[in-house]
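**Q** Letter by letter, the chains look like this.
Protein chains: 4
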Amino acid sequence: MTIRVYYEDTDSLGIVYHANYLKYIERARSEAFFAIGRKPENADRYYVVRSMNIRFIKSAKLGDILEVRSRLKALRAASFWLEQELWLDNTIIFSAEVEIASMRDSKPAKITDSAKSFLRDAFGDA
Amino acid sequence: MTIRVYYEDTDSLGIVYHANYLKYIERARSEAFFAIGRKPENADRYYVVRSMNIRFIKSAKLGDILEVRSRLKALRAASFWLEQELWLDNTIIFSAEVEIASMRDSKPAKITDSAKSFLRDAFGDA
Amino acid sequence: MTIRVYYEDTDSLGIVYHANYLKYIERARSEAFFAIGRKPENADRYYVVRSMNIRFIKSAKLGDILEVRSRLKALRAASFWLEQELWLDNTIIFSAEVEIASMRDSKPAKITDSAKSFLRDAFGDA
Amino acid sequence: MTIRVYYEDTDSLGIVYHANYLKYIERARSEAFFAIGRKPENADRYYVVRSMNIRFIKSAKLGDILEVRSRLKALRAASFWLEQELWLDNTIIFSAEVEIASMRDSKPAKITDSAKSFLRDAFGDA
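As they're listed, the protein sequences go chains A, B, C and D. Residue numbers for the first sequence follow this note's numbering, beginning at 2 and rising by one. Residue numbers for the second sequence follow this note's numbering, beginning at 2 and rising by one. Residue numbers for the third sequence follow this note's numbering, beginning at 2 and rising by one. Residue numbers for the fourth sequence follow this note's numbering, beginning at 2 and rising by one.
Just chain A, with the same shape it has in the complex (with noise of 0.2 Å):
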């Protein structure tokens, strides 16, 4: 997946502005769901991010087209891991490992089997 740097995602310094980069990376993962026609929230059950650790490596500028990519690190019994990585031509620019909670109802709901289907499908084999 490839994501086109906009005016609105850049601020005064000339670079894109941080904490948009968390944008870019949460966009593949609705694209993931998307693709097999539906939605991350499903009937009563969502998704939160509970936790990130990034890195922000290099910046990304007006017009630059990155590349989303994003692997299955971990999958528990109601949260996963996932590394998501934006690339610029041939150089990583940003990481984040991210912990996804499933929620149902305010509280953490186990992921059903056809889910971890899914989630190991769309972003390989933990």
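If you're looking for bench data, these hints aren't it; they were derived computationally from the structure. Given the structure is predicted, the values throughout are model-derived calculations rather than measurements. A portion of the hints provided could be inaccurate.
One copy or two, either will do: identical chains are not told apart, so a pair holds if it fits within one copy or between any two.
In silico DSS-like links for lysine-lysine, alpha-carbon gap of 27 Å or less [unchecked claim]:
id, residue 1, residue 2
1, 62, 111
2, 40, 24
3, 62, 74
4, 111, 24
5, 24, 117
6, 40, 74
7, 111, 74
8, 74, 117
Fit chains B, C and D to the given chain A structure using the hints.
**A** Just chains B, C and D, lined up with the frame of chain A:
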């Protein structure tokens, strides 16, 4: 009401990204509701912007403190018009005429008498 | 050009936050420049939105794919007008008349002949 | 410093979109500079976020007023670490360790003695 311009609001031209001025005036509309201890949405009623006529007069920059001025221009059965401006020091930099529709279940809904009173109190007698 | 609606674009009413439609049509304007290998800003020249007349017709939701349609309406010495629309399937959901000024050093600047040719090529003959 | 949650900050799950918490804590960093009459960038010097470790603990909703608490954790030659938290009433909802690099011309640059004094004054003695 005053608004501070942060990095998130600016773009690589060094000025506030044009769409963000719409956020600023929306904050002022919401604050009018918060001031009486409620949210703009209420049970099954909510408001949506139906149309806007906007003039971008001057630019704001990082760190600027803008003043929002709002005035009720017209109050109809199921909609109303606000005139909203942004001022930097003694200079107007943005003005918008904003048409807002009262909605229920995705359909226009009459504005109740108590809502009309609130709108007149909050934004002036139209 | 098509635009996917992500979580970042929606608000707690479950629909796209109104100001974000302005981002979508700005992306289409920038893409017209990227398509010829340049940015909307060029040396000391840049463009700013001077005014907009907007109609919010219907709402878009998470996962929707919107089509942007842009057309040059008027081309003047130092500014031009675009008509830009967002379509969801075969329904128009947003339309805007957008007045854009050519600028140099914070002052209006004539649009060069080559820029006029570009605008006609990219957005239609006005 | 307190932050009000507006529609622009929320998403269709009815809570603040996760990346927007990063904007909130950045506002607090910028306000520390504004408080002494300057901007975070200064002539040829500026700051960028290099890494973050984030925990999203609870969610905020439309109308909530969040308190930002910031504390200097470590101060090095060309970078520093802040601990930044968001509190809703008496509950912590978000915490981040933020590594910030001092930059000049896209390269790390030593933090001057006066900048170190400022950081200690603004965020506590590290």
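**Q** State for each hint whether it applies.
**A** Results of checking the hints against the structure:
1. Within a single copy, residue 62 and residue 111 get their C-alpha atoms only as close as 40 Å, which misses the 27 Å cut-off; across copies the closest is 25 Å, which meets it.
2. For a Cα distance limit of 27 Å, the shortest separation of residue 40 from residue 24 qualifies both inside one copy, at 16 Å, and across copies, at 23 Å.
3. Neither within a single protomer nor between protomers do residue 62 and residue 74 lie at most 27 Å apart by alpha-carbon distance, with minima of 29 Å and 30 Å respectively.
4. Proximity of residue 111 and residue 24 under a CA criterion of 27 Å is satisfied intra-copy only: 26 Å inside one chain copy versus 31 Å between copies.
5. Only within a single protomer do residue 24 and residue 117 lie at most 27 Å apart by alpha-carbon distance; the minimum there is 23 Å, versus 32 Å between protomers.
6. Taking the shortest Cα distances, residue 40 and residue 74 sit within 27 Å of each other inside one copy (22 Å), while across copies they are farther apart (38 Å).
7. For the identical chains of this complex, residue 111 and residue 74 are intra-copy neighbours only, at 18 Å inside a copy versus 37 Å across copies, given an alpha-carbon limit of 27 Å.
8. In the homo-oligomer, the alpha carbons of residue 74 and residue 117 lie at most 27 Å apart inside one protomer (13 Å), although the nearest pairing across protomers, at 39 Å, exceeds that limit.
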